[in-house]
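There are 2 protein chains.
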Amino acid sequence: MTVSKTAVDPAKAPRSGRKEPAEPAAESTILQLGELSELLGYSLKRAQLKVFEDFLRCVAPLQLTPAQFSVLLLLDRNPGRNQTEIANTLGILRPNFVAMLDGLESRDLCARMRSTNDRRSHILVLTDKGRAVLARAKKLVAAKHEARLNDLLGSANRAALLAMLARIASDF
Amino acid sequence: MTVSKTAVDPAKAPRSGRKEPAEPAAESTILQLGELSELLGYSLKRAQLKVFEDFLRCVAPLQLTPAQFSVLLLLDRNPGRNQTEIANTLGILRPNFVAMLDGLESRDLCARMRSTNDRRSHILVLTDKGRAVLARAKKLVAAKHEARLNDLLGSANRAALLAMLARIASDF
DNA sequence: CGATATTTGATATAGTGGATAACAATTATC
DNA sequence: GATAATTGTTATCCACTATATCAAATATCG
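Line order of the protein sequences matches chains F and D.
Sequential numbering from 1310 applies to the first sequence in the working numbering.
Sequential numbering from 1310 applies to the second sequence in the working numbering.
To be clear, the hints were calculated from the coordinates, so they are not data collected in a lab.
Take these hints with a grain of salt, some might be off.
Selected chain F positions facing chain D (Cβ under 8 Å, derived; list incomplete) [stated by the list, open to error]:
| hint | residue |
| --- | --- |
| 1 | G1350 |
| 2 | A1356 |
| 3 | N1466 |
The beta carbon of each residue, even a glycine, is placed where N, CA and C say it ideally should be.
Go ahead and model the full structure; you've got the sequences and the hints to work with.
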């Protein structure tokens, strides 16, 4: 291909001889996504960003990220586990989990306790405050976040979506 | 709550007096996800990671990331657009799009040309090599990546999933 | 028992993606 | 023609992810 180093911008070139009536700030013409709209990964990513964004909004009064929420949930359901176990279950690398726990512990949401069985490991426990924050977070998530998704998709569709995502997450 | 600073690890404490038969490296007991498995965002994120991972594998011979692939696709479908328009459409911030384009341009997959209408902007074009790589990438994605998702979910389910994700991405 | 290997939490570090502020060149606005 | 807005760019920062390494503690095995 031999390409001249200048080109005409079709979005801004006056089509025919007529003058354009000052364009509305955004793109003059919407771009075509083409095969992108058939790419599952593309919609998956964009949907994920939106969902996380909404999660953050809904749970903003408690200052919890999705990842922090998932840790609190897991600690509540699995008392007596150590850092490696919790981190592995959530797909967090142990080194990265240290700072995350530091954050939660400094806010008195959970605590590390040295195990009597294995003095290398830290047993993780929710504090009372951690349990209280988790309870409030669960309510916010159910009442605002998940409820909104339910409104958008309908209950049956939401369940089907969840099942397929879980399928991909585990079997793909 | 008053908490002693040591605790017993239930996963490793011998239940009853019987000796444990040397545990299989991983967690002795699988952790309970609890409400996490009902959190749409959680499965969404994990599924997204898996799908991107597979995309990278399938298109590895061409050394293309999902983001780079989406740029090439968009350039092909929307000739004559500038950096701002392409970046905005993909949800990439203009400053971050510069380095990304540098990468693609240095591999001779696309080129920037100064517009004759507006000498501030760069019209983006696919090179012949860019078109060739895109064509091969499309084939790999269709034959390996999307086909595998189709096998896992079934064609109808895959379409339903895509529709719901697109719904969330646009209307949520 | 004791030497060696493994595990745990931790640190340092690097890479990547995403976000904002600021700038020069250019164009639009009034 | 003065001022504002836009484009591509740089610099910079933050969050998240990934790897290597370490000391302490424990497990393994001769």
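Taking the hints in turn, this is what the structure says about them:
{"no.": "1", "hint": "G1350", "result": "holds (5 Å)"}
{"no.": "2", "hint": "A1356", "result": "holds (4 Å)"}
{"no.": "3", "hint": "N1466", "result": "holds (6 Å)"}
The structure shown violates none of the earlier numbered hints.
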